[in-house]
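Since each chain comes alone in its own frame, lean on the hints to assemble the complex.
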Amino acid sequence: QKEVEQNSGPLSVPEGAIASLNCTYSDRGSQSFFWYRQYSGKSPELIMFIYSNGDKEDGRFTAQLNKASQYVSLLIRDSQPSDSATYLCAVNDAGGTSYGKLTFGQGTILTVHP
Amino acid sequence: DAGVTQSPTHLIKTRGQHVTLRCSPISGHKSVSWYQQVLGQGPQFIFQYYEKEERGRGNFPDRFSARQFPNYSSELNVNALLLGDSALYLCASTKWDFSTDTQYFGPGTRLTVL
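Chain order of the listed sequences is A and B.
Quick note: to get my numbering, add 300 to the position in the first sequence (first position is 1).
Quick note: to get my numbering, add 95 to the position in the second sequence (first position is 1).
Here chain B stands alone, though its shape is the one from the complex (with noise of 0.2 Å):
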């Protein structure tokens, strides 16, 4: 079965610009969190959404903004880029059968803000 699966890749934006990453979630899975990882620490929580809702929230400013689709695929997106930004987002897959929480890591998005 396929993972995680985010994109782009890698991203290069300038100050102020606006950025959205995309996130598709193992196969069976309908929850899906949004992670902000910079160089040194652990990431940080930014969201959850499970069936097209938002179930949690960290404390992130409200340039940040997601959204969970039909087919449980995420988006998040940055409005207003500080160089701050700069990171390596996450996305993480969780079935929420309520069995399990287990999180499962995309690749990541690695965004440099410039």
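In isolation and in its complexed conformation, chain A is listed as follows (with noise of 0.2 Å):
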């Protein structure tokens, strides 16, 4: 059974501040990595994706990936209120037989207090 874990929280931040959020996965074959996010009573909108070991920036936001470790992360750089949400991590199905297939992890629920 491939497995994506991540604390569910609550991850409560301070405004301004940097809030983690971590994610490790099972399947060692694992290529592709998302980052998604989802307001309550909303779908996941995607935030980013890293392939590669090592750091993806974008904005505010950057993705770590340690394929040795099969750990990724999710660094939010001058957290805001409206970044409070649940953050979901997901990994692809690599060598089974759905190209399409994400597994996710149960979410990280994120809180920036002002």
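The set of hints was computed from the structure by calculation and includes no laboratory data.
Note that the coordinates shown come from a computational prediction; the quantities given were computed from them, not determined experimentally.
Ideal placement from N, C-alpha and C gives every residue a C-beta, glycine not left out.
Hints are not guaranteed to be accurate.
Quick list of the computed label-pair ranges, beta carbon to beta carbon [stated by the list, open to error]:
(1) Glu345/A <-> Phe164/B: 22 to 32 Å
(2) Ser352/A <-> Thr109/B: 47 to 57 Å
(3) Glu345/A <-> Glu149/B: 18 to 28 Å
(4) Ser326/A <-> Arg205/B: 23 to 33 Å
What follows is the structure, encoded as structure tokens:
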């Protein structure tokens, strides 16, 4: 059973701080990694994807991937109250029968307080 | 460009009934995946379709079926509804040109089974 694990939180940070969200995965063959943001009652919205080891930056967001440790993280700099949401880590199904299958973690609830 | 569209937005059914959910992918995207998300959990993969063929199936009973049409839109059908089928049903669209496997989600259909 391929698994993706996230700390469900809630993670609470003050406005302006750095929020750090973490995710581990069990399938060593996974190649693609995604972070989605989901507001309450809404559908997941893609924030970032990362394929290679190292860091990938996009505005206030930085994704970090370490395939040897099977670990992917998301850093949110200068956190804003509007960043308060559930953050979902997703991993592609490598080597399986479905190219289009994402396995999701349970999500981390982030609260940014003023 | 229009994003992924789904219909209906909300649906209320009773146990034993049948339901059909519809999805139109982003223009130019040829693959559609379906996910079920129950409250407090990450989305669970149900099906993936590409070029009208099923390319992947998750761990769901045969009551769940789907198809994809020549215009790449898709339907998800669920027969003999159970209370446990109450969830947010998400459709995700992928270009699938083998340079990217990024999935973009529609707004979802909220199904309530009474």
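(message) Within 18 to 28 Å: is that where the Cβ-Cβ distance between Glu345/A and Glu149/B falls?
(response) holds, 27 Å
(request) Confirm or reject the claim that Ser326/A and Arg205/B have a C-beta distance inside 23 to 33 Å. (result) At roughly 31 Å between Cβ atoms, Arg205/B and Ser326/A fall inside 23 to 33 Å, so the hint holds.
(request) Hint says 22 to 32 Å; check whether the CB-CB distance for Glu345/A and Phe164/B agrees. (result) holds, 26 Å
(request) Starting from the hint 47 to 57 Å, judge whether the C-beta atoms of Ser352/A and Thr109/B obey it. (result) Given about 50 Å between the Cβ atoms, the range holds.
In summary, this structure violates none of the numbered hints.
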